[in-house]
Amino acid sequence: MRHIISILLENEAGALSRVSGLFSARAFNIESLTVAATEDSSLSRMTIVSSGSDSVIEQITKQLNKLIDVVKVVDLSEAPHIERELMLVKVRATGKDREEMKRVADIFRGRIVDITDSTYVIELTGDCSKLDAFLDVIEKSLVLETVRTGVCGIGRGDRILKV
Amino acid sequence: MQLTGAEIVVKCLQEEKVEYVFGYPGGSVLYIYDEFFKQDKFKHVLVRHEQAAVHAADAYSRSSKKVGVCLVTSGPGVTNAVTGIATANMDSIPLVIISGQVPTHYIGQDAFQECDTVGITRPCVKHNFLVKDVKDLAVTIKKAFYIAQSGRPGPVLVDIPKDITTHSCEFEYPKTIAMRSYTPHVKCHSGQVKKALQLILEAKRPMLYTGGGVILSDAANQLIKLAHSLGFPVTNTLMGLGGYPATDKQFVGMLGMHGTYEANMAMHHCDVLVAIGARFDDRVIGNPADFGSISRKIIHIDIDPSSIAKRVDVDVPIVGHLPEVLGELQAAFDEQKAKPDAAALAAWWKQINEWRGKNSLKYKQGKEIIMPQYVIEKLYEVTGGEAFVTSDVGQHQMWAAQYYKFDKPRRWINSGGLGTMGVGLPYAMGVRFANPEATVACVTGEASIQMNIQELSTAKQFRLPIKVINLNNRYLGMVRQWQEMFHGNRHAESYVNALPDFVKLAEAYGHVGMQINRPADVEPALREAFGKYKNEFVFMDFITDQTANVYPMIAAGKGLSDMVLAEDL
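So the protein lines, in turn, are chains A and B. Sequential numbering from 1 applies to the first sequence in our numbering. Sequential numbering from 1001 applies to the second sequence in our numbering.
Hints listed in this document are in silico derivations from the structure and should not be mistaken for laboratory results. Watch out, some of these pointers could steer you wrong.
Simulated pairs of lysine to aspartate or glutamate, EDC-like, Cα-Cα distance not exceeding 20 Å [said to hold, decoys possible]:
#, chain 1, residue 1, chain 2, residue 2
1, B, 1249, B, 1386
2, B, 1187, B, 1304
3, A, 62, B, 1304
4, B, 1132, A, 10
5, A, 66, B, 1304
Simulated restraints, written as ranges between beta carbons of each label pair [as the list claims (entries may be wrong)]:
#, chain 1, residue 1, chain 2, residue 2, range
6, A, 158, B, 1221, 45 to 51 Å
7, A, 163, B, 1492, 55 to 61 Å
8, A, 53, B, 1065, 37 to 43 Å
9, B, 1190, A, 158, 24 to 30 Å
All C-beta atoms in this analysis are idealised placements derived from N, C-alpha and C, irrespective of residue type, glycine included.
Start from the sequences and build out the full structure, keeping to the hints where you can.
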């Protein structure tokens, strides 16, 4: 099953490679990984999307907790949470496709953030499945480039991951 | 007080009451070595290869519980040390490794003797640091010692660029350390202890299975007391030998791939298993699916939560420091009136004693050729079971584990997890530094010993009266055994050709050398080595049976009840 694991870790050089090294060394899977400093600059927040059986996910969280630089680990997908990913898509936008592309972007609440006489760059946020759905809907041959940030997530309501 | 980085390193080691630093100098650590030269609070042991420095520090720790300390230079100094570090990491041994690094402004420039030390060692340490500012040096070393020996212990590396050792700052050694991201000490959950006790009292076929954690946490006394109160059978893993006295009647021997018939059968057929500081390694339980084919309740006690439910599902997990958990379990047991089911336990012991009757470790010693098992049995007799025994890796390691009965913890020193050939001699050195009066035997083979043979020189320099028991069968014995069993008896590269004359080799290094060819000479030779040559380093080259195999054996991937016994062949 797919899990979203949130990690608070010391904002130290090499902390990221400790986490990514753990995943490769123990043959855990990473679908996406995002990391940035938090409002407290001594801490980084990392979000990893992984999949595996319950016992694999249990091992992942235990092994993450064992890393000396890791302060806290939470499996966000255990309870209600919000998940978001940002995608930028550069598409060919000429002739009749120009109008159609704008229309589909609007339906998905996307924004066109760069425009030339032959291309758009569309910015889209949402959960993974929404971004996937957008790519499914538009004509494949028109897609020039896509870039996705990977998932970040946060618990709903009173669930707070903080030191 | 303003001190240079090099002076700070020395002060920190003194503050940690370090006795010995095992190491090898080189360009990046010259300022540190210069400060070593100016002090006499701790001693430096100059090895002949950095790998041996780490192994020696490792065994120093295994045999004393103190933290082992090494110092190596940048680049090849570090890469040579990696095998030693990985060995210690797999067996959870507390070490602090200080490595030199090229000056900070050279890092990343492919400088002479530069390597990415923190990157190379990251997967085989508990933690590592690169010190980028001399002001961080003292606190980093303090953290290294703290992390190495707390929680589940392990090696910690501190990489110090050369310019940092010349920069100065105010020195103050922190008295305590607190890290928000590392809080290793957890109090065990009393509710879980009660649940465990309930299962223990209901058991019909109970079993205590204990590992290296008992040794590392000094929990042997608590284990013995609990086992005696319960009357349950006890088995030890390879790493756990000595954690429970091998001569005790409740001891059923080592379990696992080369464990006794009774230990493996009892492990397989028990209905309540108490795992204490052990991790259900593949060499211990074989195939987890086969192990799980019989239903049993498992209580798993360990300091490291990630060891629990890693290879087998567990009914009652207890995370905690073993002496505390076992103490609490004992107190809970003493408090209540119920006792284990005596009738069921008697029936269980009857079954175990039947399995014992197989005498799975029996072998035949003839008049002509020395059997390796016989050498170990005689070693046990001659040393009165009181020696510290180190081993290398292979058949001789298994025979030492099977036939030398360890009654005390920290006496059996071997590389269980990584299985590193070449550890035996440097291990024996480390043991002797930690225990200056001890009898130290290194059980090895003609292949393993050659992997760190250069340390014969270190042993001479420091006058270490180690006895090397070389079981020389002219084969990579364990490889040959597997080739015989699983590869159509094709001995691909397992014959050891062009062996040196070990007697002359020992003598060339200034030691006593002996070659023993006949069974009748085994005991007299051992008595001479441990008697007349008590204070000498003696290299004993025993020419043993080339065909001897280690039994019982469970093939890799097979189940515990699927043992091959010597008599089956």
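Return holds or violated for the Cβ distance of residue 158 of chain A and residue 1221 of chain B against the range 45 to 51 Å.
47 Å, holds
Residue 1190 of chain B paired with residue 158 of chain A, Cβ distance criterion 24 to 30 Å:
29 Å, holds
Taking 55 to 61 Å as the hint, is the beta-carbon distance of residue 163 of chain A and residue 1492 of chain B inside that range?
Hint holds: Cβ distance 56 Å, inside 55 to 61 Å.
Hint check for residue 1065 of chain B and residue 53 of chain A - Cβ pair distance inside 37 to 43 Å
Hint holds: Cβ distance 38 Å, inside 37 to 43 Å.
Going straight from one Cα to the other, do residue 1132 of chain B and residue 10 of chain A come out at no more than 20 Å?
17 Å, holds
Pair hint residue 62 of chain A and residue 1304 of chain B, alpha-carbon separation not exceeding 20 Å:
9 Å, holds
Holds or violated: are the alpha carbons of residue 1249 of chain B and residue 1386 of chain B at most 20 Å from each other?
Holds, at about 19 Å.
Given the hint that residue 1187 of chain B pairs with residue 1304 of chain B, test it: the Cα-Cα distance must not exceed 20 Å.
12 Å, holds
Can the restraint linking residue 66 of chain A and residue 1304 of chain B be considered satisfied, given a maximum Cα separation of 20 Å?
8 Å, holds
In this structure, every one of the numbered hints holds.
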